[in-house]
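For the record, the sequence lines run as chains A and B. Residue numbers for the first sequence follow our numbering, so the first one is 24 and each next one is one higher. Residue numbers for the second sequence follow our numbering, so the first one is 50 and each next one is one higher.
These are calculated hints, taken from the structure and not from any lab test. As the structure is a computational prediction, the values presented were derived from the model and not from experiment. It is possible that part of the hints are untrue.
As the list claims (entries may be wrong) - Heads up, simulated BS3-like pairs for lysine-lysine below, C-alpha to C-alpha not over 27 Å straight-line:
hint	chain 1	residue 1	chain 2	residue 2
1	A	Lys266	A	Lys254
2	A	Lys170	A	Lys25
3	A	Lys170	A	Lys254
4	A	Lys258	A	Lys209
5	A	Lys211	B	Lys272
6	A	Lys258	A	Lys35
7	A	Lys109	A	Lys212
8	A	Lys109	A	Lys170
9	B	Lys297	B	Lys272
10	B	Lys264	A	Lys35
11	B	Lys272	A	Lys109
12	B	Lys305	B	Lys393
13	B	Lys264	B	Lys297
14	B	Lys255	B	Lys295
15	B	Lys297	A	Lys29
16	A	Lys212	B	Lys393
17	A	Lys109	A	Lys254
18	B	Lys297	A	Lys215
19	A	Lys215	A	Lys170
20	B	Lys285	A	Lys35
21	B	Lys387	A	Lys35
22	A	Lys215	A	Lys109
23	A	Lys35	A	Lys211
24	A	Lys29	A	Lys211
25	B	Lys305	B	Lys387
26	B	Lys264	A	Lys109
27	A	Lys29	A	Lys258
Unchecked claim - Only part of the chain A face toward chain B is listed, based on derived beta-carbon distances under 7 Å:
hint	residue
28	Asp84
29	Ala97
30	Lys109
31	Ile123
32	Ala166
33	Leu220
34	Val222
As the list claims (entries may be wrong) - Calculated Cβ distances over 10 Å to all of chain B for the following chain A residues:
hint	residue
35	Cys37
36	Asp65
37	Ala71
38	Val90
39	Gly101
40	His133
Ideal Cβ placement from N, Cα and C applies to all residues, glycine included.
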Amino acid sequence: MKTVFKRTPTLKDCPTHYCPGCGHGIAHRLIAEVIDELDIRDRTIGIAPVGCAVLAYDYLDVDMVEVAHGRPPAVATGMKRTNPDKIIFSYQGDGDLASIGAAEILHAGHRGEQITVIFINNAVYGMTGGQMAPTTMIDQVTATTPKGRIASEQGYPLQVSELLATLPGTIYIERCALSGAAAVRKTKKAIKHAFELQVSGAEGLSLVEVLSPCPTYWRMTPAEAMEWIEKQMTKVFPLGRLKDSV
Amino acid sequence: MSPVVHSTKKKGTEEKGQSSNGAGERVLMCGNEALAEAAIIAGCDAYFGYPITPQNEITAYMSRRMPEEGRVFVQSESELAAISMVFGASATGKRAMTSSSSPGISLMQEGISYLAGAELPAVVVNVMRGGPGLGNIAPSQADYFQATRGGGHGDYRTIVLGPSSVQELVDCMPLAFDLADQYRMTVMVLADGILGQMMEPIVLDKKPRRALPLKEWALTGAKGREQNIVRSLWLKEGVLEELNYKLKAKYEQVEKDEVLCEQYEVDDAEIVVVAYGVAARIVQGAVNKAREEGIQAGWIRPITLWPFPTEQISRAADEFRIFLTVEMSNGQMVEDVKLAIAGKAPVVFYGRPGGGVPTVDEIFDKIKQLTLRPKTQDNRAKNENGI
Chain A
24 MKTVFKRTPT
34 LKDCPTHYCP
44 GCGHGIAHRL
54 IAEVIDELDI
64 RDRTIGIAPV
74 GCAVLAYDYL
84 DVDMVEVAHG
94 RPPAVATGMK
104 RTNPDKIIFS
114 YQGDGDLASI
124 GAAEILHAGH
134 RGEQITVIFI
144 NNAVYGMTGG
154 QMAPTTMIDQ
164 VTATTPKGRI
174 ASEQGYPLQV
184 SELLATLPGT
194 IYIERCALSG
204 AAAVRKTKKA
214 IKHAFELQVS
224 GAEGLSLVEV
234 LSPCPTYWRM
244 TPAEAMEWIE
254 KQMTKVFPLG
264 RLKDSV
Chain B
50 MSPVVHSTKK
60 KGTEEKGQSS
70 NGAGERVLMC
80 GNEALAEAAI
90 IAGCDAYFGY
100 PITPQNEITA
110 YMSRRMPEEG
120 RVFVQSESEL
130 AAISMVFGAS
140 ATGKRAMTSS
150 SSPGISLMQE
160 GISYLAGAEL
170 PAVVVNVMRG
180 GPGLGNIAPS
190 QADYFQATRG
200 GGHGDYRTIV
210 LGPSSVQELV
220 DCMPLAFDLA
230 DQYRMTVMVL
240 ADGILGQMME
250 PIVLDKKPRR
260 ALPLKEWALT
270 GAKGREQNIV
280 RSLWLKEGVL
290 EELNYKLKAK
300 YEQVEKDEVL
310 CEQYEVDDAE
320 IVVVAYGVAA
330 RIVQGAVNKA
340 REEGIQAGWI
350 RPITLWPFPT
360 EQISRAADEF
370 RIFLTVEMSN
380 GQMVEDVKLA
390 IAGKAPVVFY
400 GRPGGGVPTV
410 DEIFDKIKQL
420 TLRPKTQDNR
430 AKNENGI
């Protein structure tokens, strides 16, 4: 019998703690595949965020660190500057990157740190119980926006990728989604490109934003969540390459 | 600004971590620049910092010298980021440091707590200024509680060194890096605005490193081994409790082995003045003056503020004498002095908060006031009656 699909070595052989229909498992797998395809496992260091993916090191079989909320880009800076030969990536959610760590990602991009950022945007704080994130959509009901997000009170969803693309220090910014097979393949391509840039020594920060489903806190079935990404989220967070200056 | 006498030695001829401008020569430097150069000699691989007075000379000096040595300097966007950068470099096994002054150190407490949880080595210099809040930029010792009690959240300790001269500040740096690596802890060098700004003649010597454990935990890419994970989150029941017991055992070892303290003329003293850092320099002048006037005075100077020289101070209190604690604060270390003495002798406090610096005469007057007794009476009796 011919094997047509198998686990990639850098993805550990274990169940995850993620909810049914969550996008983190897919995103982890894509990163693991890219690391294996580029053959960089033995020089890669990953950074797990505070949030649902805090235990990413339980699933990704590379050297990893878990750091304070929002600080991955600063930690990555400390790692990459002292270890220019290593491949450093951070894996961050929207609360981590776009709210409490807004200064860190902005300035890592501003300094042109040669790191790769995987930014998982699911429009809520997952681990703490589905509160409003900076990326929460207008009218989206969350634990802290019981009547839905109202722009006049809570502001608009923050388009971090567009913001970061304006910085001379960022070299590659792309927004992808996990909403279907084709979208997942595109996401993998983007993640691979972001890692390749770092491997090649390209001078600047690369970031892939991944629109990812959170059926639990969107109060939807996994299938509905995928559809919501395509029909609703992409209106505010349009997919595509925002910057590729290399 | 920089008064360094630069060595004529060729650069790059010495082992990394041992090369330095001016190494081994007597030079005149301000404390901030001197400690920076001492850190370079001690093998600091990376410095991350954010501007704040009165320690800006460190950042400026490092921005010039670290690249010269082929090492890392980054001016961070905040103190939160600076300590996180230290965290990142340290997680990969590098010797990393940051420096700041009081308000900035408050921001760094997040990172220091994470460093403690993840058991990562780090060196943090606090050139203290007056507080609370934005306070002022005058010298102060008001961060003693914050430094010696941990400062951030959770059950942890940092080793705290309290040098009292620029030379001792210089000597603290290699010790700080060694202690950090040996115990996988944050070592805080607690200086103040005077020490940072004051120029004194110093010798920048190369010190042999302690025998240090290999950093097998470091994140270097999992080449030919299982993955390493540096973390501080332990959700499973009982695991974090175990970690805390492990940390406790480590801290007890530090308390047993690493106490540093200096004392002077304590044996026959009827009054012992306890002070650290710059305050101890002023106290020394006051005690000398008291001796000249026939007052039996001595001093004890804690060099490690944590671990605190509890035993040394307790021993000094086995014979009845008055203890005067002098600090540039409203009284913080005095609590540790009282704990050490445990009621065996009276402990009096004299301090100047908010950037105030006591003079030799102020302290001398206090000594005189506390020891002024009719000469005919027995010492012991008079103390019991008088205080």
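Status of each hint after checking the structure:
no.: 1; hint: A:Lys266 x A:Lys254; result: holds, 24 Å
no.: 2; hint: A:Lys170 x A:Lys25; result: violated, 53 Å
no.: 3; hint: A:Lys170 x A:Lys254; result: holds, 21 Å
no.: 4; hint: A:Lys258 x A:Lys209; result: holds, 18 Å
no.: 5; hint: A:Lys211 x B:Lys272; result: holds, 24 Å
no.: 6; hint: A:Lys258 x A:Lys35; result: violated, 35 Å
no.: 7; hint: A:Lys109 x A:Lys212; result: holds, 21 Å
no.: 8; hint: A:Lys109 x A:Lys170; result: violated, 46 Å
no.: 9; hint: B:Lys297 x B:Lys272; result: violated, 33 Å
no.: 10; hint: B:Lys264 x A:Lys35; result: holds, 25 Å
no.: 11; hint: B:Lys272 x A:Lys109; result: holds, 11 Å
no.: 12; hint: B:Lys305 x B:Lys393; result: holds, 23 Å
no.: 13; hint: B:Lys264 x B:Lys297; result: holds, 21 Å
no.: 14; hint: B:Lys255 x B:Lys295; result: violated, 33 Å
no.: 15; hint: B:Lys297 x A:Lys29; result: violated, 45 Å
no.: 16; hint: A:Lys212 x B:Lys393; result: violated, 73 Å
no.: 17; hint: A:Lys109 x A:Lys254; result: violated, 39 Å
no.: 18; hint: B:Lys297 x A:Lys215; result: violated, 44 Å
no.: 19; hint: A:Lys215 x A:Lys170; result: violated, 40 Å
no.: 20; hint: B:Lys285 x A:Lys35; result: holds, 20 Å
no.: 21; hint: B:Lys387 x A:Lys35; result: violated, 55 Å
no.: 22; hint: A:Lys215 x A:Lys109; result: holds, 16 Å
no.: 23; hint: A:Lys35 x A:Lys211; result: holds, 18 Å
no.: 24; hint: A:Lys29 x A:Lys211; result: holds, 16 Å
no.: 25; hint: B:Lys305 x B:Lys387; result: holds, 20 Å
no.: 26; hint: B:Lys264 x A:Lys109; result: holds, 17 Å
no.: 27; hint: A:Lys29 x A:Lys258; result: violated, 35 Å
no.: 28; hint: Asp84; result: holds, 5 Å
no.: 29; hint: Ala97; result: holds, 4 Å
no.: 30; hint: Lys109; result: holds, 6 Å
no.: 31; hint: Ile123; result: violated, 10 Å
no.: 32; hint: Ala166; result: violated, 21 Å
no.: 33; hint: Leu220; result: violated, 18 Å
no.: 34; hint: Val222; result: violated, 13 Å
no.: 35; hint: Cys37; result: holds, 13 Å
no.: 36; hint: Asp65; result: violated, 4 Å
no.: 37; hint: Ala71; result: violated, 8 Å
no.: 38; hint: Val90; result: violated, 7 Å
no.: 39; hint: Gly101; result: violated, 3 Å
no.: 40; hint: His133; result: violated, 8 Å
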